[in-house]
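Participant: Below are the chains, spelled out letter by letter.
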Amino acid sequence: MKSIHYILLIFATLAMASCEKALMGDDLPATAPNTFDYLWQRFDQQYSLFEVKEVDWQAVYDSLRPRVYSGMTADSLFSVCATMLNTLNDGHVNLYAGFDVSRADSLYYRFYAEGGIDVNTLVLNYLGVNYHSTGGMAHKGLCEGKVLYIYYGSFSNTVSVPLFRRIIRSYPEAQGMVLDLRGNGGGTLSNVINILSLMPSHGQRLYSSQIKSGPDHDDFTPWVDTYASDVTDDTTVFTRPVVVLIDKGCFSATSVFAICTQAYDNMVLMGDTTSGGLGLPSMGYLPNGWRYRLPVTRTRALDGKNYENGVPPDILLPFDRQAAQTLGRDNMIDSACNYIIKLKIKN
Amino acid sequence: MRRLFLLTLFCLLMLPSLYAQPDSATHIFLHLQGGVGYGLYRDLGASPLTYQGLQLHPEVSLCLQKPDWRYEAYLSASGGAYGLKLGTGYIQAYGGHPVVGFRVWRKLETGSPIRLWLGGSVDDLFDIRYNSSLGNANMAFGNFARLNLEGCAEYRLCSWLFHAKLQLNALALVMRPGFSYMDNFDQEISNPSVNVFDQYHTYLTPATGVSTDLGATLVLGNGNRIGLSYRWGYLTSHSSVDGVTAPHLFQCADHALLVHLGFILKATSINYM
Chain A
499 MKSIHYILLI FATLAMASCE KALMGDDLPA TAPNTFDYLW QRFDQQYSLF
549 EVKEVDWQAV YDSLRPRVYS GMTADSLFSV CATMLNTLND GHVNLYAGFD
599 VSRADSLYYR FYAEGGIDVN TLVLNYLGVN YHSTGGMAHK GLCEGKVLYI
649 YYGSFSNTVS VPLFRRIIRS YPEAQGMVLD LRGNGGGTLS NVINILSLMP
699 SHGQRLYSSQ IKSGPDHDDF TPWVDTYASD VTDDTTVFTR PVVVLIDKGC
749 FSATSVFAIC TQAYDNMVLM GDTTSGGLGL PSMGYLPNGW RYRLPVTRTR
799 ALDGKNYENG VPPDILLPFD RQAAQTLGRD NMIDSACNYI IKLKIKN
Chain B
418 MRRLFLLTLF CLLMLPSLYA QPDSATHIFL HLQGGVGYGL YRDLGASPLT
468 YQGLQLHPEV SLCLQKPDWR YEAYLSASGG AYGLKLGTGY IQAYGGHPVV
518 GFRVWRKLET GSPIRLWLGG SVDDLFDIRY NSSLGNANMA FGNFARLNLE
568 GCAEYRLCSW LFHAKLQLNA LALVMRPGFS YMDNFDQEIS NPSVNVFDQY
618 HTYLTPATGV STDLGATLVL GNGNRIGLSY RWGYLTSHSS VDGVTAPHLF
668 QCADHALLVH LGFILKATSI NYM
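So the protein lines, in turn, are chains A and B. Under the numbering used here, the letters of the first sequence match residues 499 to 845, in that order. Under the numbering used here, the letters of the second sequence match residues 418 to 690, in that order.
By construction, these hints were calculated from the structure, which means they are not laboratory data. Be careful, since some hints might not be right.
[Unchecked claim] Quick list of in silico lysine-lysine cross-link-like pairs, DSBU-like style, CA-CA up to 35 Å:
id, chain 1, residue 1, chain 2, residue 2
1, B, Lys-502, A, Lys-519
2, A, Lys-803, A, Lys-840
3, A, Lys-840, A, Lys-644
4, B, Lys-483, B, Lys-683
5, B, Lys-582, A, Lys-519
6, B, Lys-582, B, Lys-683
Generate coordinates for the entire structure from the input sequences, incorporating the hints supplied.
Facilitator: Put into structure tokens, the structure is as follows:
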């Protein structure tokens, strides 16, 4: 009789091992309606910038959902989903299928049509082909060494504090710095902090941000401040004027860098308004295996404003494309150099 | 699922035959265990899809076995590579969880060849999941500090010792990524010591899992052991009703075939049971 209990226990053990299917259930079927609804709902609950974008997300659903049906082709479904996401006009919003990637069309148009840089002019007439390259930064002394010019094309290129310090120390005669961020589409925020840590940083507040914390559009965590490094040795920081060149090709981490300049007296933004993108993006999968990307945070600058749609320059200066192509001159670099030299003369 | 746990627990507790067995040996065992397994998991934080994968299962434990009590400190892990085939694409991910814990079992006296142990354990399971294609959400952690109820039935046949073990994760303090799923966000760059895990949710929840183990062990002449067992385990984080407290359901199940070596480090007398 006792053995019955043992046998019962074994059967109970085996029975539990086979019930994981019941415990976990099946995946959501990867039908077109399920995929569309799942995508819409994830954005409805997690997208952090409806307020700034002024998009009626329910109305978007109501207008596009009738175009979705079971059995539609993947191309058609992708097209409808991409149309839905493009209403947000957000460079951090993408849909990735194996065969295509959606993007904010009008924003990308602006990157290329209104971007303020001509790389040929930059390399041939300013940097020269023998320019130095350190930590993803191309640099050279301009105006007979009076201006340290740095071109930083992507915040994805890691620039460490020692490397940036090495660049600065290579130009001891420089009266100021031109940090050219035009066309910089962003990257890693730690590089923003690394660069700023060699500016006069004393732990000042740089910006504030909050992250989505619930399904409603206004569910956010409290604002949390981000601070500059607390540099105790003033001899290691660059206290001379810094002109930061920006344009519509600047996005994401570059826009974050741009709002951080509000915390530094020696930094000034020159050029054109950036394309924003201050929300930090997260990602996820859809039931059919496609991926989506969406920002889940929102950020405000020191002045309390949310520059998600673009950070304006302190000195507005449109890029003169004709001068670049006919004269080989970059009016923004020239103006930045003049600004630094005149500032020195004034002082 | 809770009803299932309670039913199984009830079955365990109803096993009768509680009378003494003559056994006066005290042993200290070092157990080494390892094997391969198949597992699946789903984490609704970043994906509604279920991943399947191959796993490795190493484990080491130190066991003090007295006539009526068994104490064991254990360190185990299970983890591996997971994947999912979708049309022409393939999703690759990695995951696993180390577990460190301590258990105490009390022998129930049966008077039959069947020996029953009942007890419990406390352990901490730290789950790590990684999928490089998910950008800022590529990594998620989960932690389960658990209080477990455990039972084991052993049956001796010649030099073979057969066992069936059951572990119910009765209560757990669970930590899971917050609503936006990313383990933290940009504040970490300026003050990582403060902000790591600052977006995680911690909550107390019952019935987070169950595991079973069926096996046979050959007791050698010197008392050392070699055995083979099959283990199944299921773990769930549960999901909240408000969508915030524990916003994303995590579930995983593991099947493992394990080889077990047991070495007597110290014994007052040889006892093969």
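Participant: Broken hints, numbered, in rising order?
Facilitator: none
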